[in-house]
Amino acid sequence: MTKREGGCIVIADEEDKKLQNELVALIEKHSGEDGTHSTPIPDLQLIRASKPSEPIHSVHEPALCLVAQGTKLVLLAQENYLYDPSSYLVVSLQLPVTGQVIEASPERPYLCLRLNVDPGRIFDLVSRSDPPIVKPSGSRRALYVNRVDRELLEAVVRLARLLDRPRDIPVLAPLFTQEILFRILQAEQGQSLAQFARIGSHAERIAKAVRLIERDYDKPLSIAELAAAVHMSPSSLHHRFKEITAMSPLQYQKQVRLQTARRLLLSEAAEAADAGFRVGYESPTQFSREYARMFGLPPIRDAKRLRESLGLAAD
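Per this note's numbering, residue 6 is the first one in the sequence shown, and the count goes up by one each step.
Keep in mind that the hints were calculated from the coordinates and are not lab data. Being a predicted model, the structure only gives us computed values, none of them experimental. Mixed in with the good hints there might be a few duds.
[To be verified] Straight-line alpha carbon distances no greater than 30 Å define the calculated DSBU-like cross-link-like pairs of lysine-lysine that follow:
hint, residue 1, residue 2
1, Lys247, Lys213
2, Lys56, Lys34
3, Lys224, Lys213
[Unchecked claim] Pairwise CB distance ranges (calculated):
hint, residue 1, residue 2, range
4, Glu230, Arg172, 47 to 55 Å
5, Glu84, Arg310, 21 to 29 Å
6, Glu276, Ser253, 24 to 32 Å
7, Glu66, Asp221, 16 to 24 Å
8, Asn121, Gln256, 23 to 31 Å
9, Pro239, Leu80, 21 to 29 Å
Using N, Cα and C, we set each Cβ at its ideal position, and we do this for glycine too.
Construct the entire structure; sequences and hints are all you get.
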């Protein structure tokens, strides 16, 4: 497939190289300019960047991200995940992450295909597979990087080709999407995605806990009440939550709160104290301190810098 030598991507096989080049051409053709672009294929987005980016904070939805050109770094809590054309990223649960394009230029832009993962499709594939299609894996982390193989690359290119044949999309896109999900479930670490499809499993309960935290992020978080809601003990909830998300429930809530406050500051030009109060902080001082620790600047200065970098007029 592909490998790195001396910091460069080397295509190890001519057929792989041909597929990789075709994917680059398709993404370039159907994206056209920098940004994230929806496509006529449900759940498929194309991402293009002609220069390295600043760190971008977001709550990443479940998805497969496959880079055709360039390199990206994703941070989950204190963990770093680097991926490029030799690898792909899978996010199997909503997670607060920081992403940064670190290799891109006008001549060789960063090009990425993102396919949102529908948990219902994963459940269907796992539940009707006999024998099981998923290999045992020691890792439970809901985010991982794995190596691209020929079968997955072929399936992804088949899906991308449909962008040139829009009339075929309603019939063929669901089939090709199912094959892609099948391939990543079969691959090493596929267990990290499949675990959420097992009703009553620890992972399924943690997914429910994540949904409850996101729904009520602006309210005080009681670990005892959250544990009871997902039928776990507080100690088991804490252990399993950190095993899957790389952070505690309180750390998860804090990241969601601060990212939401940042959006309020940017989109509504809210006052710092008001933004902090709206996301659940009672102390403006604590809000400002934790905000600066996460984003590098106090709230108002950070919002001003973001507006300037995005070319937005100040109110």
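Worksheet item: Can you give the numbers of the hints that this structure goes against, from lowest to highest?
Response: Per hint list: zero violations.
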